[in-house]
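**Student:** Go by the hints and put chain B onto chain A.
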Amino acid sequence: MLNILSQLIAGGNNHTNLIYIMLALPAILGLVVILLPVKGYGGRSVAFIGALVINALAALGLLLGENFSMRFPWVHLGDFSIQFSLRVYNFSAFILIAIAAIALLIGIYTVVFMRGKSHYGSFYCFFLLNLALANGAALANNLIVLLFFWAGLLVTLFAMIAIGNRNNVSAAVKALIISAVADLLLILGIAITVWQSGGKMMMDEIMPLPLTGLNNVGFVLMMLGALGKAGAIPFHSWIPDAAKDAPLPFMAMMPGALEKLLGIYLAVRVARDFYALEPGSGMSMFIMIIGVVTIILAVGMAMIQKDMKRLLSFHAISQVGYMVLGIGTALPVGIVGALFHMLNNAIYKSALFLSAGAVERSCGTTDLKQISGLRRVMPITAIGFTIAALSISGVPPFNGFFSKELIFDAALESGLVFYILALLGAFMTAASFLKLGHAAFFGPLKWPHIEESNNPNPRETPAAMYVPLLILAAFCLVFGLGNVIPLAGIQSILGDFMAGHDYSGWPHSMSLVLISLAVLIFAVLNHLFGKLRTGQAVKALDHIHYAPGLHQVYNVAEKGYLDPYEWLMFAIKAYAKLCFAIDRAIDWIYNVLLVKLISVLSKGLAHLNNGHSTRYMAWVFVGMLFVLLALILYL
Amino acid sequence: MGGPGIILVCVFTPLLGAFLLPFLGRISTVLRNMAALVFVLVSFVTSAILLPSALANNPVLFHWSLPLGFSFGFLADGLAVFMAMISSFVAAIIVFYSFGYMLNYKHKNEYYLMVTLFIGAMMGLVYSTNLLFIYVFWEISAICCWRLIGFFREKMMVLRADKAFLVTVGGALVMLIGFMGIYSQTGTFDLLEMNHPLLPNWVMITILFGILSKSATLPLHTWLPDAGVAPSPVTSLLHAAVLVKIGVYIYARFFLVNFSVPEVWHTVVPIIAAVSALVSAGAAIVENDIKRIIAYSTVSQLAFIFLGLSCGVVQGIAGGLLYIFMHSLAKGGLFLTAGIIEHSTHTKDIRQMGGLVRTLPATAIAFACCAFSVMGIPPFGGFFSKYMVINGALLLGNPWLAGVFLLGALMTVIYLARVFVRVFFGPTTHPHIQEGTWEMVGSVTMLAALSLLFGIFINLPASFVTVILQNLGMLGR
Chain A
8 MLNILSQLIA
18 GGNNHTNLIY
28 IMLALPAILG
38 LVVILLPVKG
48 YGGRSVAFIG
58 ALVINALAAL
68 GLLLGENFSM
78 RFPWVHLGDF
88 SIQFSLRVYN
98 FSAFILIAIA
108 AIALLIGIYT
118 VVFMRGKSHY
128 GSFYCFFLLN
138 LALANGAALA
148 NNLIVLLFFW
158 AGLLVTLFAM
168 IAIGNRNNVS
178 AAVKALIISA
188 VADLLLILGI
198 AITVWQSGGK
208 MMMDEIMPLP
218 LTGLNNVGFV
228 LMMLGALGKA
238 GAIPFHSWIP
248 DAAKDAPLPF
258 MAMMPGALEK
268 LLGIYLAVRV
278 ARDFYALEPG
288 SGMSMFIMII
298 GVVTIILAVG
308 MAMIQKDMKR
318 LLSFHAISQV
328 GYMVLGIGTA
338 LPVGIVGALF
348 HMLNNAIYKS
358 ALFLSAGAVE
368 RSCGTTDLKQ
378 ISGLRRVMPI
388 TAIGFTIAAL
398 SISGVPPFNG
408 FFSKELIFDA
418 ALESGLVFYI
428 LALLGAFMTA
438 ASFLKLGHAA
448 FFGPLKWPHI
458 EESNNPNPRE
468 TPAAMYVPLL
478 ILAAFCLVFG
488 LGNVIPLAGI
498 QSILGDFMAG
508 HDYSGWPHSM
518 SLVLISLAVL
528 IFAVLNHLFG
538 KLRTGQAVKA
548 LDHIHYAPGL
558 HQVYNVAEKG
568 YLDPYEWLMF
578 AIKAYAKLCF
588 AIDRAIDWIY
598 NVLLVKLISV
608 LSKGLAHLNN
618 GHSTRYMAWV
628 FVGMLFVLLA
638 LILYL
Chain B
13 MGGPGIILVC
23 VFTPLLGAFL
33 LPFLGRISTV
43 LRNMAALVFV
53 LVSFVTSAIL
63 LPSALANNPV
73 LFHWSLPLGF
83 SFGFLADGLA
93 VFMAMISSFV
103 AAIIVFYSFG
113 YMLNYKHKNE
123 YYLMVTLFIG
133 AMMGLVYSTN
143 LLFIYVFWEI
153 SAICCWRLIG
163 FFREKMMVLR
173 ADKAFLVTVG
183 GALVMLIGFM
193 GIYSQTGTFD
203 LLEMNHPLLP
213 NWVMITILFG
223 ILSKSATLPL
233 HTWLPDAGVA
243 PSPVTSLLHA
253 AVLVKIGVYI
263 YARFFLVNFS
273 VPEVWHTVVP
283 IIAAVSALVS
293 AGAAIVENDI
303 KRIIAYSTVS
313 QLAFIFLGLS
323 CGVVQGIAGG
333 LLYIFMHSLA
343 KGGLFLTAGI
353 IEHSTHTKDI
363 RQMGGLVRTL
373 PATAIAFACC
383 AFSVMGIPPF
393 GGFFSKYMVI
403 NGALLLGNPW
413 LAGVFLLGAL
423 MTVIYLARVF
433 VRVFFGPTTH
443 PHIQEGTWEM
453 VGSVTMLAAL
463 SLLFGIFINL
473 PASFVTVILQ
483 NLGMLGR
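Chains A and B are the protein sequences, given in the same order. Residue 28 in our numbering sits at position 21 of the first sequence; the count goes up by one each step and never skips. Residue 276 in our numbering sits at position 264 of the second sequence; the count goes up by one each step and never skips.
Source of the hints: derived by calculation from the structure; they are not laboratory data. A couple of the hints might just be wrong.
[Unchecked claim] Computed list of lysine-lysine pairs in BS3-like fashion (alpha-carbon distance at most 27 Å, straight line):
| no. | chain 1 | residue 1 | chain 2 | residue 2 |
| --- | --- | --- | --- | --- |
| 1 | B | Lys360 | A | Lys610 |
| 2 | A | Lys251 | A | Lys124 |
| 3 | B | Lys360 | A | Lys580 |
| 4 | A | Lys313 | A | Lys207 |
| 5 | A | Lys584 | B | Lys360 |
| 6 | B | Lys167 | A | Lys603 |
Same shape as in the complex, but just chain A (with noise of 0.2 Å):
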């Protein structure tokens, strides 16, 4: 500890310690707070705040500090070998540091939201023992460093889920199964990236592949890795059941926030450092159609629920649209955009979580039918959700409008019907939001009664749940009004690429600007209409939910059809069944047909042998014709 203050007031050069404190400090007091006897919960909770405090203050000096990287050998295997190499520039500072941020403010609302609840303890554990291993995923300078932290956090998020319902572990097994075939996938084309690279595995030294051959297929599987780590479609569909079991804070943590902030990391990586993709390529064109896909779909399931915790978690999957769309388009703004909008995401999608998780400690629930007019109650949570609420509906001067406007930019400039559906997304996020934020926080105060309560009334939150939301809030109007600030940081990352351009301040295009103003007011209008129309907040989107054609697409999608999921559960229990009954076929030929076989065999055998002495003389008479048939053959 003394070492680290020593280290930030000296401004040393090279913070090689700090960078071991990152990785190995949270694991040990993971373990520490789990395995010790450390009877109570504020022992546990000291060191577990201790150990995101330190590392907070680990990742502020490694961003201050000079870049460096360094590296030992770790494996040696055969012709293989492995450089345990890490590296601090500004992009992995600029992650670690926006992790060690969220992770502070989420864990301080963790220790009250978590209080009395049974399995803190491995709570605590697996929180710290996750952001670890994201703090070494951010840092690996070799990709197999990389995917040795990468997938490590399948454990850690399979552990978080589980531990909210042991009774039904069923999202986490199918966030570990989906995470699992990202990661996968992830392990191939890092496989073929050194493969094509002539065995380079250091990641700054590997040179951009050209997209042709074999490398398209490399390129496409990273990407699809480290797309399915953020959640992009087909790779999204745990969220929302895990809003449903996961404790929250392991939404706000996770999905929320830092599953972004790694999968778009690694995605920009690979589009830029590892593989050159062009505009206007054929590439570009399939990642920029996962980016609308997602945004599209995700929204539009958002839209319809009516609950907060699985109507936050479709939007979580939403916005990795805009960031994977922004990275498509290959072009500086759309690289830029997308950066800017993965930090703006982090921070007001982890405040619209913790505002969730507010409402479900004070009231029982978040199911919007039973709940309104908490602002009356609850009006810290009520302005914290409001401001990130509006950052995430891209309303200026909030965070989210500038990064929007970005991504907005790069894809009118990619094909207009990029743009135009992207418009629609903001439309959409808009409408949900304001039913989310209407029904919730506004009109007459309502929560569910609970009979025998000891607790009838909701009330605000301790302040350690809502000053994490209002710091979270407050970066939202930071970001937006000071964009320069995150701005300057994200183009220095991006180096040459960015020579001439400067995105910082109002955005370029007033038309787009305008153009996004318009979108927004018809999204206002429109719930209007709909509020008017069925007199409720929660049912003010229902014009749509239920409009021809797309109620029937909503039924089906609602029951999981559309799940991809469940389609690949489908195949590969088909595909399992088959393999049972080749395998049954098999035993078969070894537990009846080959004993069958030798029975009759063997029974032929014996009716040669039935003690009668005429049979044993045709035997001697047909031996002696094969000792006639030798002699005369030979002689």
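**Tutor:** What follows is chain B alone, placed relative to chain A:
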């Protein structure tokens, strides 16, 4: 350090000591148990003593030449010591576990006799330099296997023991014909006197027949899931950690060290392995008996080892050898945890289990660690071996094959997650059961911890494998 006598101690202590155990058992059960453990540990320690000279590429050799190309000899080169150390180490843990598991069963004298004899046969097989003695030790192991599968003496169990015996012995006899083919070609049974002869295809087929039957690969695999009727430590010892590795070890010994094979086998064996990996993984998803699931998983994982060893690319071979190590630890641990579960719940049907994480928390954690290692998820050791094997398939110039094995890896995740969740989560079915004895829980915890530690300190096993390959001349120094 250590002359040729060390190898004899290593092989014959368990091989002959095994026959002392029934007598010791009449004096004291504790004495017998300890003696069994000590005999196995002697093999481990002596193998460790042989390690430095093996790594220095100056292997210890014990050799008697006999006329007509017959001989009797043991060679402790890197590959043999590697295999011997893994086998005897896991075997020692399993014997220790048996102290708890076998407590309330009859015929323990026979049990420890057979287990220790098996380890002796394994040591003999690993170090032998002569084809005929390899065959002899191979068959001793089959006899032990037969007796141990039918250990509980019910009719169905005895039938399955017979099946395992007939399939593996049948395979070995076919292999023996191949050995005679080698003899007729080279005039010797002594591996040391052979100078990398190119084996004709028919010999390759017969030897492969033996190897695939012992290492339970499609279509000679069905005895392995059936053998789950054995006591769980036996299943772990024979059918996960040690016996099924005989086939892959002999594959490595013959085709990496002693013989050359026609190029076509670098394609054919990976394809056999791919089919075996996929079909058995599919069967594991359907199966409901916990030990059968893990057994199918073994069939599937053995295919990964075959892929690595047979692809003919150094990285794949290194991955295959590393896989032997990681799989022995993790799969041995899985069977032992299955044993604790079976012991506590008196069922093997996962549909009748649930919520055991509440009553068997240590077992649950050990199971999870071993399962993650078998799945190949870092930071567990299985990750590296799986990556290297798949990478080997890719470097063979065959992305499709790598893709097929990735599908196998995905199915591994699915069936192990299914077992884990079915058994340990959901509504509690057995609220009042006890955790296994401390020997049992300690054993599985150790295997789980090693799976994790060797994932982080992967360099230790990886360097070992690298030196083996260097000594085989596959790498520049």
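**Student:** Give a verdict on every hint.
**Tutor:** Each hint tested on the structure:
1. B:Lys360 / A:Lys610: Judged against 27 Å, a Cα distance of about 39 Å means the pair is violated.
2. A:Lys251 / A:Lys124: 16 Å, holds
3. B:Lys360 / A:Lys580: Distance ~22 Å between Lys360 of chain B and Lys580 of chain A Cα, so the pair holds.
4. A:Lys313 / A:Lys207: 50 Å, violated
5. A:Lys584 / B:Lys360: At roughly 21 Å apart (the allowed maximum being 27 Å), Lys360 of chain B and Lys584 of chain A satisfy the hint.
6. B:Lys167 / A:Lys603: 19 Å, holds
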